[in-house]
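Student: Protein chains in written order, with this note's numbering: chain A, 1 to 257; chain B, 1 to 595.
No wet-lab data here; the hints were simulated from the structure.
Mixed in with the good hints, there may be bad ones.
[Said to hold, decoys possible] Computed, partial: chain B to chain A, Cβ under 8 Å:
hint, residue
1, P330
2, L332
3, P333
4, P369
5, K439
6, F445
7, L446
8, P458
9, G464
10, L465
11, K469
Built from N, CA and C at the ideal position, the CB exists for glycine as well.
Take a look at the letters that make up each chain.
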Amino acid sequence: MRLLILHIALMLGMFAASAENKVDVSTFYVPANEAFIEKDYEAAVKGYEQVLALGHSSDVLFYNLGNAYFRLDKMGMAILNYERALKLNPELDDAAFNLKLANLRISDRVTPATEFILVSWYKSFVHGRSASGWGMWALAAVWLALVLGAIYLLSRMLWLRRLCFGVMALLLVSSIVLIVFARMQYQYQLSSDQGIIIVTNTYVKAAPDENSTDLFILREGTKVTLLETENGWQKVKLPDDAGDKVGWVAGEMLGVI
Amino acid sequence: MKKIGKHIKQEMGSRVIATWALVCLLALGSMAQTPAFKAVVQRNPVNANESFQLTFLIENMEPQSFTPPAFNGFNIVAGPSRGEQVTIINGVQNRTLQVVYLLQAQAPGKFTIGPATIVSGGKSVKSNSISITVNKPADKKTGTISVNDYLNENLFMRLTLDKDEVYKGEQVTATYKLYRKLQIAQYAIDATPAFNGFWAVDIQEPGQIEFNVETYNGVQYDVAIIKKVALFPQKTGELDVDAMGMECTVLIPRGWSSQQIPHKFTSKAGKVTVKPLPASNMPSDFNGLVGDLNMQVTIDKTDARTDDPITLTVKFSGKGNVRFLENPKPELPKDFDIFDPKVTEKSTRQGNVVGGTKQVDYLLIPRRPGTYKLPSFTVSYFDLTKKQYVTLRSPEFSLTVTGEATTSSGLTTTGINKEEVELLGQDIRYIATGNPNLKSDGGFFLSIPAFAGLYALPFVLFGGLVVYKRKRDAMQGDTSLMKHRAAGKIAAKRLKQAEIRLKANDARGFYDELLKATWGYVGDKLGIPPADLSKEGTAVALRKKGIAEDVIKELISLLDVSEMALYAPSAIKDSLQQTYDRATALIEKLENSLT
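The shape of chain B in the complex, shown without the other chains (with noise of 0.2 Å):
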């Protein structure tokens, strides 16, 4: 194996050096030592319109001066630019200079380039000539294809993405990287990348770039990162990340100078599958969060005044869209007013992992006096790491708030009609002093049994006087009653006696029986003592009981007779018989009448 010592200083591309430098090892192969001087094509044919490498090595040879042909029929691009390449082969040094001239041809056809000329060693060196078939070009791009063509291969921009496939809310870094092999002097970027579809944030923006030498497909190029974003996908489905362009001037060395050529381009744009977030168990609260959250939620004080502003402090940190969490909403009793929070958002980026914390304040204002449960809320998102859904629930809060029931827009007293305004102004009633009148029981004037004892005595004593009234009556007014049914049946007696008189023929014997069995019976049935007896008096109380008036003057008519015949026997018409009968019908028709 032969041991190779290589040095090469580099102008131009590497890539194109490299190449040459093996032509060169394979000709220095047989020809160790041996100056030469060549004209050699990078290919042939040609397109028209396509740039190619035209190079002049010159051979262990120290040349004082370098005349170029003339390129007729071609366009120098770039060039000429100068390599040197020392080779060490078995001992045997190769030193091997490079005049490299970028070219174009103008047309189609069959062209030579003449040979160059070097001096070396006072005496003039040619190069071969060369001829070069030009084709047509290959499309109908004008201009500088060929040149892009170069340019793109040695100065370009790739996109990579470090996933393809994310759920919606899910991070996606793009990485926009710059390639060269060329210098640059300047470079803007062109197209700035939309990312519709996509919440962007920038990981690293353009500004300082910084090359670090990085191999690509086996070759080294200097790459810096021009953009570097994570992208939160807010849409499901295949979505596509934006190309980036820039526009760049290349420096290309020419002679001592250097050209500048502006250069256009851009990266491939890419693309992302998103997936949905798995909709079973996908918790009622969650609005989109994908990553890791923490949640801490404090208060200022859990005792308060009235009107004493509390405030509550929600902090969410963690990892994913943090920004695109809802505040919470604490529910609070209508009691508190509650403003609209103050919220402070930041990102934050641990390596390429964007995050952020969010604070939200809230002010919360008792109105009223009492004791308050602040409930708790929760907030959910989507864990990356366990792919599942995870719910964080804050602690629940007691407040208690003293003082004065304040009103607010909200809270109004209501419903106080006219005269409980003028009440409002009054003072209560004071105490009562006197007897307080304590009873153990219920608060009945008396005991159940006292009350009904007292409530049932007056049936009980109006009983008692029922039978009172029927016992005096027994004794005083049953007599009369007694006398008054027995009367009809002495009547009769003494009726009996007058009839027995009447047959004896005794006058004064019959009148006095007669006038007995009348004046008794009258008493008797009026109930009027026998002293109390009178004609004018038994009238009275006769037509009282209703008994007809010429019964009355019978009765009257009859005593009368009785009496005057007792007294003055001749002055008596009437036979005894007669009066007998009149008697017994008079008394007949009052045992009928009284009753």
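Bound-form chain A, shown alone (with noise of 0.2 Å):
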């Protein structure tokens, strides 16, 4: 099934994209990981933040640029593109291993606010796996129904057709059900609600003016959920439990996930 989806795929015009990716994979990426290895981090860092300078990415990209910033001990830059890797596939463990790690690197914890059970699980399974992956069991519900169906048209045989009528509805049903998981799924990652600092330390402002007063110290690597922009500074919210630590941090200070 995935074979002639990608046929598909291949034929709706994935081509010119694909012939570009090799370019910048032999110019930036593979040099990139070279460095790595050699461990010439700052190398490996520049590689590929150049790749994504022409406008690419992958969980594969944001987890090997991750491990170059963890090595070079920017634990911020580090989670950020963990956490971004694993919000194009969820299903990327060693990303997910290594974002453990950083996290563990770093001095301020948040405890993240308790929601209930329920929503948390829905939520954890909706974000369990990509919106590709989503979009592709989507796809082989339908077209398995198809098949079903096909059967159920073409046979004699009461019981099967009878059989294969029952499974063909639940599957449709599913498909369904599959396709609005994949559409939250992709409005998750094309979403840009949650940020890392980057930086140190910064300050949260009371207003978005260098001047306004202070109100705590937010530092590197802390996840916050952000909410209005102003004039070049980010209204940002820490997931807590009191849920009232809310302010303004300037934009360089934090990476968008």
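Work from the hints to combine the two standalone chains into their complex.
Tutor: Right under this line is the structure:
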């Protein structure tokens, strides 16, 4: 099935992108990997960032970039890139593992707000697979439904026809659910409502103004929820239990996941 | 106007001498160059227990000896002391010797002091005698009150205050001065003022006393500052400035030696009105400094590694009660450890104005890397010249801390569970070196239209499949269906033919048509081609269709009878009409049950 999808996808004009892809891979990505292997992490970071600057991204690219930053002891950037990798591909276990390690190296720990357990289950279920993953499952379901539909139409055996019809209906319903999941995950992947502090520390202000009151300090690697922006200032919220830690941070202090 | 040349050799209080010089001058007016010997009393009458002066004036004589009278009824408090005065009036020189006694009457009454005798030029000269009326003592004090009066007049202390109305916290200078005309052998401070309600700073301590000539109430005294103190009132209202007491040993010359008299005296107390500071616009951080203040804040470095101490120094200098300043409390992020500051204080003085310096050194130890702000703090004081509050603001410092975060007593990493402790020891997983699958959009594996197409495609295909099946059914299956539907009509037509043969009494033709009608009907209904028709197969097919067994038996029997009549007509007993009726009834039954 996947093969079929791949073929159709290719036919639908993915050739161009893949050709361009090859150039970036050989000019920047592969040398960056080699630099990493040679422990020249600065060069590795540079290489990976260049690929990103060309407008490409991938889970693996972010993961490798995160590793390079980790080696350079820039935990904020490492965490940011692991998070980006996991956002693209929640099933990238290595990124999840390294993120856990990186989060242990930062000094501020925010206790996340407690959520109703079913909600968090549901969220982690939906976010547990990429939009592509959900999409593929949805396609698989609908194509399997087609096969079963054909059997239903053409078979003369009553029990087989009944079975096929039932399963087909089930598959069609689940494919719709899967499309909803894919869409949610897709929105989530496109969303930019979370960020990571990438400087050692920054003061959170009461207003989007350098001279306003300092409210509290945020440290490198802390994950914040992004609210609104104004004049290069970003309103952020700490996802902690109290939920009252809200303030403004200069935009360059954080990276959007 | 007479020209007076005056030379006074003074051994006792100059005021006394001056008084007597005047008396002498009046006397000399008429008796120029005339020798005289007189006794003069300071006042008459006197009170008992009160000391007074008795002076013998020897004018223009050179006494070889002096014999005092007996002072019956009097005590000699002091004396005799000698003095000499030369006056030149209109070129005539008068020379007066004085012998002065300080006496005290023992009891009230009338007393006569006899004449004193001098020997001058070989002959003895007597002075006049004086009778003195002694009244009862003016008050009940005993002892040496009158001596005290004398001493108090010639040796006393004054307190002066430079201001009598000040703000709370404003300096008022109290000066204690000693005024004297007498000689002092020793002195000691008897009562040290406590200065309750004030914070006192000595400007000049007793120690070296330096006498200067100063005029007070038109009289010259030797004056020395005993104590000078800056007072900072701590309360509002009327405050008393305590008096100061001294104990002196006064030297009174007597003959060639001198008599020592102890004398205690105190100054008067002073009063200051202390106004409260204006309540309006009082800054919240004001803590009582009145005067003038400078603040200087320095930091030894703004870049440091963790655990590398940074010193923040706040220097205050100014006029007023600088020591009363509270140490400022810089608000530091909790990523710094701050220790109790080291405080160095010093009092300073500019003339009579007391001030001070205060240096506060804070030791800051950064514990976590980062860029921090050392926020400014404020210190306020009341400016006496501007008569308003002034707030000083320290500069803000930006500190950059590098290095590893270190833990101190206050900062420990919390919230690590067992699993995380195990993780801490591990290294990150290695990079992936395979194909990165770079994509330039939101990361979905297909474009949205492609996905929609792929999703919709099965539905289209399914629709196609349905159409295809319809067509195939129409081509194959539906011929038998049509036959099935038409079976009744065809059977009816054939039975009509059979009826025609029946009427023509054509037995052979009749049975032939009947068989054709029955077989054709069954074949069409069951969708079995004529070649495959058999009685057994038909029976099975009919049973499957749920046709009743007696109907099937009737069909088989009808078929048997018709076939037999066709090939062996003699064996048939049934009439043609009977068979025809059976056939129509059967087809009718089948038509009803076979749908």
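Student: Hint by hint, say whether it matches the structure.
Tutor: Comparing the hints with the structure gives:
1. A least Cβ separation of about 14 Å between B/P330 and chain A goes past the 8 Å threshold, and the interface hint is therefore violated.
2. A distance limit of 8 Å between C-beta atoms decides the matter here; for B/L332 the minimum to chain A is near 11 Å, and the interface restraint is violated.
3. The beta carbon of B/P333 comes within 6 Å of a beta carbon in chain A, closer than 8 Å, and the hint placing it at the interface holds.
4. Of the supplied interface hints, the one on B/P369 holds, with its beta-carbon coming within about 5 Å of a beta-carbon of chain A, less than 8 Å.
5. With its C-beta approaching chain A no nearer than about 6 Å, B/K439 sits inside the 8 Å limit, and its interface hint holds.
6. Residue-level restraint check for B/F445 holds (minimum Cβ-Cβ distance to chain A is 4 Å; threshold 8 Å).
7. For B/L446, the shortest C-beta to C-beta distance to chain A is roughly 5 Å, which falls under 8 Å, so the interface hint holds.
8. Among the interface hints, the one on B/P458 holds; its C-beta lies about 3 Å from the nearest C-beta in chain A, closer than the 8 Å criterion.
9. Residue-level restraint check for B/G464 is violated (minimum Cβ-Cβ distance to chain A is 10 Å; threshold 8 Å).
10. Annotation: interface hint on B/L465 holds; nearest CB of chain A at approximately 5 Å, less than 8 Å.
11. Annotation: interface hint on B/K469 holds; nearest CB of chain A at approximately 5 Å, less than 8 Å.
This entry does not satisfy hints 1, 2, 9, going by the numbered hints stated previously.
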